[in-house]
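Participant: Read off the chains here:
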Amino acid sequence: MIRFVVRRLAFGVVVLWVVSTAVFFLVFVAAGKPERVIGGPRATTETLRLIRRNLGLDEPLIVQYARFLGRLLQGDLGQSYINGAPVASMIGGRLQTTVVLVLGASVLWFAGGVLTGVLSATRARSFFDRLATLFVLAGLSMPAFVVALLMLYVLFSKAGDAGIHLFEPGPPLQENFWKRMTLPWLALAFLLMAGYTRLTRGAMLDVLGEDYIRTARSKGLPERRVVYRHALRAALTPVVTQFGVDVGVLIGSTIVTEKVFGLQGVGQLVVQSITVGDAPVILGVVLAVALCVVVANLLVDIAYSYLDPRVRLS
Amino acid sequence: MARKNDKRDDEMRDGTSTAPAGPADSRPPSSFLEVRDLRIHFPTDDGLVKSVDGLSFQLERGKTLGIVGESGSGKSVTSLGILGLHNRRNARVSGEIWLDGQELVGASEEQVRRLRGRDMAMIFQDPLSSMHPFYTVGHQIIEAYRIHNDVTRKVARKHAIDMLGRVGIPRPDRRVDDYPHQFSGGMRQRAMIAMALSCDPELLIADEPTTALDVTVQAQILDLLRDLQREFNSAIIMITHDLGVVAELSDDILVMYGGRCVEYGTVDDVFHAPEHPYTWGLLGSMPRLDRERSERLLPIKGTPPSLINLPSGCAFNPRCAYAELNGGKSTEERPDLRDAAPGHRVACHLPAEKRRQIWNDEIAPKL
Numbered sequence: 001m002i003r004f005v006v007r008r009l010a011f012g013v014v015v016l017w018v019v020s021t022a023v024f025f026l027v028f029v030a031a032g033k034p035e036r037v038i039g040g041p042r043a044t045t046e047t048l049r050l051i052r053r054n055l056g057l058d059e060p061l062i063v064q065y066a067r068f069l070g071r072l073l074q075g076d077l078g079q080s081y082i083n084g085a086p087v088a089s090m091i092g093g094r095l096q097t098t099v100v101l102v103l104g105a106s107v108l109w110f111a112g113g114v115l116t117g118v119l120s121a122t123r124a125r126s127f128f129d130r131l132a133t134l135f136v137l138a139g140l141s142m143p144a145f146v147v148a149l150l151m152l153y154v155l156f157s158k159a160g161d162a163g164i165h166l167f168e169p170g171p172p173l174q175e176n177f178w179k180r181m182t183l184p185w186l187a188l189a190f191l192l193m194a195g196y197t198r199l200t201r202g203a204m205l206d207v208l209g210e211d212y213i214r215t216a217r218s219k220g221l222p223e224r225r226v227v228y229r230h231a232l233r234a235a236l237t238p239v240v241t242q243f244g245v246d247v248g249v250l251i252g253s254t255i256v257t258e259k260v261f262g263l264q265g266v267g268q269l270v271v272q273s274i275t276v277g278d279a280p281v282i283l284g285v286v287l288a289v290a291l292c293v294v295v296a297n298l299l300v301d302i303a304y305s306y307l308d309p310r311v312r313l314s
Numbered sequence: 001m002a003r004k005n006d007k008r009d010d011e012m013r014d015g016t017s018t019a020p021a022g023p024a025d026s027r028p029p030s031s032f033l034e035v036r037d038l039r040i041h042f043p044t045d046d047g048l049v050k051s052v053d054g055l056s057f058q059l060e061r062g063k064t065l066g067i068v069g070e071s072g073s074g075k076s077v078t079s080l081g082i083l084g085l086h087n088r089r090n091a092r093v094s095g096e097i098w099l100d101g102q103e104l105v106g107a108s109e110e111q112v113r114r115l116r117g118r119d120m121a122m123i124f125q126d127p128l129s130s131m132h133p134f135y136t137v138g139h140q141i142i143e144a145y146r147i148h149n150d151v152t153r154k155v156a157r158k159h160a161i162d163m164l165g166r167v168g169i170p171r172p173d174r175r176v177d178d179y180p181h182q183f184s185g186g187m188r189q190r191a192m193i194a195m196a197l198s199c200d201p202e203l204l205i206a207d208e209p210t211t212a213l214d215v216t217v218q219a220q221i222l223d224l225l226r227d228l229q230r231e232f233n234s235a236i237i238m239i240t241h242d243l244g245v246v247a248e249l250s251d252d253i254l255v256m257y258g259g260r261c262v263e264y265g266t267v268d269d270v271f272h273a274p275e276h277p278y279t280w281g282l283l284g285s286m287p288r289l290d291r292e293r294s295e296r297l298l299p300i301k302g303t304p305p306s307l308i309n310l311p312s313g314c315a316f317n318p319r320c321a322y323a324e325l326n327g328g329k330s331t332e333e334r335p336d337l338r339d340a341a342p343g344h345r346v347a348c349h350l351p352a353e354k355r356r357q358i359w360n361d362e363i364a365p366k367l
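Protein sequences, first through last, are from chains A and B. Reading the first sequence from the start, the letters are residues 1 to 314 in our numbering. Reading the second sequence from the start, the letters are residues 1 to 367 in our numbering.
So that you can see chain B by itself, here it is in the shape it has in the complex (with noise of 0.2 Å):
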């Protein structure tokens, strides 16, 4: 079933790679994780659903991306399809993800799966429908392990305690043995960080790990996961609507709108000198407790875009106060992301200068 799979992702590969797919661009490059020209397609009988479209970004080891975005940007296709678990049988993927070094996109099923759990793992939002009811939770973690390891039972068994205790979790030699359910939510999230973290991956995925958590209970899973890259020294990929979380956990970040990256820059350039006005608006309608404001909070306004029908242009000019100032431009070129200083990339058709301008003037004073 696997080969089958692989020779249909070839065939789709062929038949839409739109991206220059010579030898000399399929160098393994040196960054830890590179993501290149990342396309990927869902065709539906309503027609192409673009879920990423162009996307890419590098990652080192140690180092922390969020990846910010509202519903249906695109993030968490994203990070499935680092994973390979993107629904293989309808989707198109073309472009290129290397990670240490080896190659994804191509590889087949089966390679990609060895590297699941061991190379690269995933948390994911909701820690209890993301735990098998069935299962005890050591027993879910032992199973990682011993996948990926030739380990007995009961060495795997220590080593899930083990893993249990480092996550912060009371009594890991008891609460091994109790299913999901009989944990907490934050104990939950622990637990899926504990099994995620099992064979020492170098890559980890969060997708939204703290959204369907207390506040509370939301910092200290950020901080467990900040003590947790230090000790592992794992690269870390952050997914999540929530600004907040970004700010705190990570390097670079990275904005997408409508599947494609609209910002991309360090923690920095994006808090403190923003160019894309989609950034602006996420960053306006983000409650602060760490400062006044000076006026309430700036919802974005309209709906985020049918990833079908794309509007034509700047995919955000519907919703764009600036898209005026262009004449036009916005709504019939695509802007391409270009250097708004070295390593700050920004994809909007507005002057620079007419940027900062508005920046300045309209938007910092607001926030």
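Just chain A, same shape as in the assembly (with noise of 0.2 Å):
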């Protein structure tokens, strides 16, 4: 188990290297002169040459990306071209934000989405089953804003007049913190989860007709013994690889959420650095989005080798 996670985490150090690699010669050589960003449309001609000259963009590429690795090895992603802050610390508390969320979202999505996909297999084609494959539809079909606005608007404005307040908007993630994270939670989890219903109720379809779940029932295992340890653990395999993708990847794109609610997170600083061509940043918030997705995915795997034991002995 050990010599699986030690494999596993230097596999993902290399596709961290890789991916900053890649950002690397992608927004500082192909996006190009920054010295622009920094000095404003009206800086001289020389005023531009000492600002590439201050960042090093004078020197040879090579020579560049060397002391771009370096730095990185020692944790300093550099400095916002736009504000000179360290990028580390702009991503820090953001991004503890986004994996609040985001975490928090999944443990409902993944909970919620897993039952309800469980409670429609065993009940095929029951009025829960189509109620569940209504919601699903809905699910998949709705915009993320649309959710979260129809959220606000419902359980924040309507429930406030009510006087039941689920929500409180605007400062920081400290104080009131249950109320300022359950609803983007919903909102976000209610997005994914539908997507969650229908792989585990179509893999629960799948395993349910398998010749084990026959040879469990003949053995005069309770029905309830039967779905939930037989049918269940064969059928979570591929909703836990589709979850650690998931999870991964709404680190980085969470931005409609963040937006809707309030909250200062990882996908608004992508959106502003893009557009002002903050490098640095970019780069910074790339290389954080694949760290979590390369954890997430490190995650998965081990939790894969618990539920078939067939990784683990391979």
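What the hints contain is simulated information worked out from the structure, not anything from laboratory work. What you are looking at is a predicted structure, and each value in this text was computed from that prediction instead of being measured. Note that the Cβ used here is the ideal one computed from N, Cα and C, for glycine as well. Among these hints, one or two may not hold up.
Said to hold, decoys possible - Computed from the model, here is a short list of chain A residues facing chain B with C-beta under 8 Å: (1) Arg8; (2) Asp206; (3) Gly209; (4) Asp211; (5) Arg214; (6) Thr215; (7) Arg217; (8) Lys219; (9) Leu221; (10) Arg233; (11) Pro309.
Stated by the list, open to error - Result set (SDA-like, lysine to any residue): computed pairs, CA atoms no more than 25 Å apart in a straight line: (12) B:Lys154 <-> A:Arg125; (13) B:Lys354 <-> B:Asp336; (14) B:Lys301 <-> B:Gly327; (15) B:Lys63 <-> B:Arg175; (16) B:Lys158 <-> A:Pro222; (17) B:Lys50 <-> A:Arg229; (18) B:Lys301 <-> B:Lys366; (19) B:Lys50 <-> B:Glu103; (20) A:Lys179 <-> A:Val99; (21) B:Lys154 <-> A:Gly209; (22) B:Lys50 <-> A:Arg125; (23) B:Lys154 <-> A:Ala124; (24) B:Lys354 <-> B:Asn309; (25) B:Lys154 <-> B:Gln125; (26) B:Lys158 <-> A:Arg229; (27) B:Lys158 <-> A:Pro86; (28) B:Lys50 <-> B:Leu297; (29) B:Lys154 <-> A:Leu134; (30) B:Lys158 <-> A:Val226; (31) B:Lys154 <-> B:Pro133; (32) B:Lys50 <-> A:Lys259; (33) B:Lys50 <-> A:Ala124; (34) B:Lys154 <-> A:Pro309; (35) B:Lys301 <-> B:Met286; (36) B:Lys154 <-> A:Arg225; (37) B:Lys50 <-> A:Arg214; (38) B:Lys50 <-> B:Ser30; (39) B:Lys158 <-> A:Arg225; (40) A:Lys259 <-> A:Arg125.
With the hints as a guide, dock the two chains, each given alone in a separate frame, to form the complex.
Facilitator: Okay, structure coming up:
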């Protein structure tokens, strides 16, 4: 098991290196002229030259790349072109917000999606199943901002009028943590839960038709045990795989939910820095997100090896 | 949920039962297992699939009944029906199944579940797909044992190791912690048998237990089953399309065609004086190594009938070489199961003398 994790970690480091290299060349070389961003439109040629020199951009590309890697190994992501602030500290707090948002929502959507999926599959074609199908359709077809705004309207505005305060907009995360996060969690979870309901339902229906489920029943196991111990365990593997991918990817793409609920997360930072061409920040965010994806996948692989012993043993 | 299903089953039985279900007929029989006029029908969009349509047989402890027939003849549905493992949601079941004085068709899902694994167990065709790939072999045997016996994990584990040893798995104390994919095909089927026998069931149903195995392993498994039967004195239903397997192990044979029994008798009856043209066909298409054959194998022509639209009259008539000898009776009227000799029953319109003549003159010499 430890060898398995170490191997995966080493692989993760390689992935991060490849990502950082690719993004480095993409952002710094292709995107081009940071001195224009920093110096503004009226900077003289001399100013621009000085800026380039200060940033080390007048040196050969390979030297720049080596410096970049050297700094990266020390955890230094460089400074923002716009305000000179260290990128690491710019990302830090925002990454925390986004990770809290995504992880909180992930617990909701995973538990909710798997449960409705199982109930749907074991009661195939029942009223509950049809209701769940309707809900899946809604969840899959509604854009994120519609869901978020609807939730705000119903659970904040309307419920607030009725004296129920579920959401506290504005100030820092530390105060009013639960009230701050509940609605964003719900909104994000709703969107993803639908997919998990569908995925779990399909996987469960497949597994329930397997010979080993018939064997489990032939042993006289109670149906509940057949469904949750035998069928669900096998049905979970594709769901868990999808879960790892979704959690990782969402860290970098929750912009809409963040915006609607006024959360200062990574998503907003990405859009801002791309708009103004703030290369170090873009690079920093991409690396942070890549790190999250790598970690999420590592956790999924570990979970997977617990679910399916064949992975562990081969 | 179980309650809901039971209710549905009751409604269906009331609606579709064609068997007289008076109290006089519901007496517990003297046989260990008795199936009376069992019908298992599945309504589909294309029509009613009559997988099993009026099947009756008896079986005593320590005896083996072989059920033979082509794919789709209803033999597997019969066995699943006895265990209550057919799809309860869309099956219509009628008739009676008496196991040791207890009627199963009218019993609740929960009652049947309690009997499953403890009083009646099943061995399936493909041992790889029939064992859960994520649990160790030991875990699966322990689970089966502990459901029906109030014992600690440790005791159950010892029992599992003991069972694995008894079915001939070497080093059972080690193999108990292996996963099914670490076993070979034959070993897997042995483990499956150990699992089925873990609660010492009185009825064992083996659904094509050797079909997925190598020929050499097949013989070992059959020997094992025979030895275990002697030891446990269980009744065995052996379901197969392989007449060789049946000949080796069975006391009685039931030949199924199109969801019905076409011939029923002892091994001697069915192998040495078969009465039904379909049984002749099965015998003619069986390769034999124990003696020289005079001619090539004779396949039964045509294909198995659709269970939705069985041919009118005798279901076998479109494939039967002798149907025309009856002047159309075979296509008009369904033959009943009648005694050809005491205990040997056959469903065929051909006159008894005619059948014997065909068997003696045409069929037997070619086998």
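Participant: All the hints need checking, so say for each whether the structure fits it.
Facilitator: A quick look at each hint next to the structure:
1. Checking Arg8 of chain A against chain B: minimum C-beta separation of about 21 Å lies over 8 Å; hint violated.
2. The restraint placing Asp206 of chain A at the interface with chain B is violated, with a minimum CB-CB distance near 13 Å, outside the 8 Å limit.
3. Restraint check, Gly209 of chain A versus chain B: the minimum CB separation of about 10 Å is more than 8 Å; hint violated.
4. Below 8 Å, beta-carbon pairs count as interface contacts, and Asp211 of chain A has one with chain B at about 4 Å; its hint therefore holds.
5. Evaluation of the Arg214 of chain A hint against chain B yields a held restraint, the C-beta minimum of about 6 Å falling below 8 Å.
6. Given hint, Thr215 of chain A at the interface with chain B, holds; its Cβ is 5 Å from that chain's nearest Cβ, closer than 8 Å.
7. Annotation: Arg217 of chain A was flagged as interfacial toward chain B, and the flag holds, the nearest CB pair being 6 Å apart, inside 8 Å.
8. For Lys219 of chain A, the suggested interface contact is upheld, since its CB lies about 4 Å from the closest CB of chain B, less than 8 Å.
9. At a threshold of 8 Å, the smallest CB-CB gap from Leu221 of chain A to chain B is about 6 Å, leaving the interface hint in force.
10. Below 8 Å, beta-carbon pairs count as interface contacts, and Arg233 of chain A has one with chain B at about 6 Å; its hint therefore holds.
11. Interface hint status for Pro309 of chain A: upheld, as the beta-carbon distance to the closest one in chain B is roughly 5 Å, under 8 Å.
12. This hinted pair does not check out: Lys154 of chain B and Arg125 of chain A have alpha carbons roughly 42 Å apart, beyond 25 Å.
13. Taking the CA atoms of Lys354 of chain B and Asp336 of chain B, the gap is near 17 Å; set against the 25 Å cutoff, the hint holds.
14. Using a Cα cut-off of 25 Å, the hinted pair Lys301 of chain B and Gly327 of chain B holds, with the two alpha carbons roughly 21 Å apart.
15. The hinted pair formed by Lys63 of chain B and Arg175 of chain B fails the criterion: a straight-line CA distance of about 32 Å is larger than 25 Å.
16. Proposed proximity of Lys158 of chain B and Pro222 of chain A is supported: the alpha carbons are some 23 Å apart, at most 25 Å.
17. A distance of roughly 34 Å separates the Cα atoms of Lys50 of chain B and Arg229 of chain A; the hinted pair therefore is violated under the 25 Å criterion.
18. A C-alpha spacing of about 17 Å is found between Lys301 of chain B and Lys366 of chain B, which places the hinted pair at or below 25 Å, so the restraint holds.
19. With a C-alpha separation of about 22 Å, the suggested pairing of Lys50 of chain B with Glu103 of chain B holds against the 25 Å cut-off.
20. Straight-line distance between C-alpha atoms of Lys179 of chain A and Val99 of chain A comes to about 17 Å, which keeps the hinted pair within the 25 Å bound.
21. The suggested pairing of Lys154 of chain B with Gly209 of chain A is violated, with an alpha-carbon distance near 32 Å, which exceeds 25 Å.
22. In summary, the hint linking Lys50 of chain B to Arg125 of chain A is supported, as the alpha carbons are separated by about 23 Å, within the 25 Å threshold.
23. Simply put, Lys154 of chain B and Ala124 of chain A have alpha-carbon atoms about 39 Å apart, too far for the 25 Å limit, and the pair is violated.
24. Proximity of Lys354 of chain B to Asn309 of chain B is assessed by CA-CA distance (about 29 Å); at most 25 Å being required, the pair is judged violated.
25. With a C-alpha separation of about 30 Å, the suggested pairing of Lys154 of chain B with Gln125 of chain B is violated against the 25 Å cut-off.
26. For a cut-off of 25 Å, the pair hint linking Lys158 of chain B to Arg229 of chain A stands: about 23 Å separates their Cα positions.
27. Taking the CA atoms of Lys158 of chain B and Pro86 of chain A, the gap is about 64 Å. The hint is violated against a cut of 25 Å.
28. Under the criterion of a C-alpha separation no larger than 25 Å, the hint pairing Lys50 of chain B with Leu297 of chain B is inconsistent with the structure, at around 31 Å.
29. Annotation: proposed proximity of Lys154 of chain B to Leu134 of chain A is violated, straight-line Cα distance about 48 Å (limit 25 Å).
30. This hinted pair checks out: Lys158 of chain B and Val226 of chain A have alpha carbons roughly 24 Å apart, not beyond 25 Å.
31. Proposed proximity of Lys154 of chain B and Pro133 of chain B is supported: the alpha carbons are some 23 Å apart, at most 25 Å.
32. Taken as a hint, the Lys50 of chain B and Lys259 of chain A pair is broken in the structure, with Cα atoms around 61 Å apart against an allowance of 25 Å.
33. For the suggested pair Lys50 of chain B and Ala124 of chain A, the alpha carbons sit about 24 Å apart, so the restraint of at most 25 Å is met.
34. The straight-line distance between the Cα atoms of Lys154 of chain B and Pro309 of chain A is roughly 22 Å, inside the 25 Å bound, and the hint therefore holds.
35. With a C-alpha separation of about 14 Å, the suggested pair Lys301 of chain B and Met286 of chain B falls inside the 25 Å cut-off, and the hint holds.
36. Between Lys154 of chain B and Arg225 of chain A, the direct Cα distance comes to roughly 21 Å. Compliance with the 25 Å bound is thereby established for this hinted pair.
37. Proximity of Lys50 of chain B to Arg214 of chain A is assessed by CA-CA distance (about 22 Å); at most 25 Å being required, the pair is judged to hold.
38. In summary, the hint linking Lys50 of chain B to Ser30 of chain B is not supported, as the alpha carbons are separated by about 29 Å, beyond the 25 Å threshold.
39. Of the supplied pair hints, the one linking Lys158 of chain B and Arg225 of chain A holds, its CA atoms being roughly 23 Å apart against a limit of 25 Å.
40. At roughly 39 Å between alpha-carbon atoms, Lys259 of chain A and Arg125 of chain A are farther apart than 25 Å, so this suggested pair is violated.
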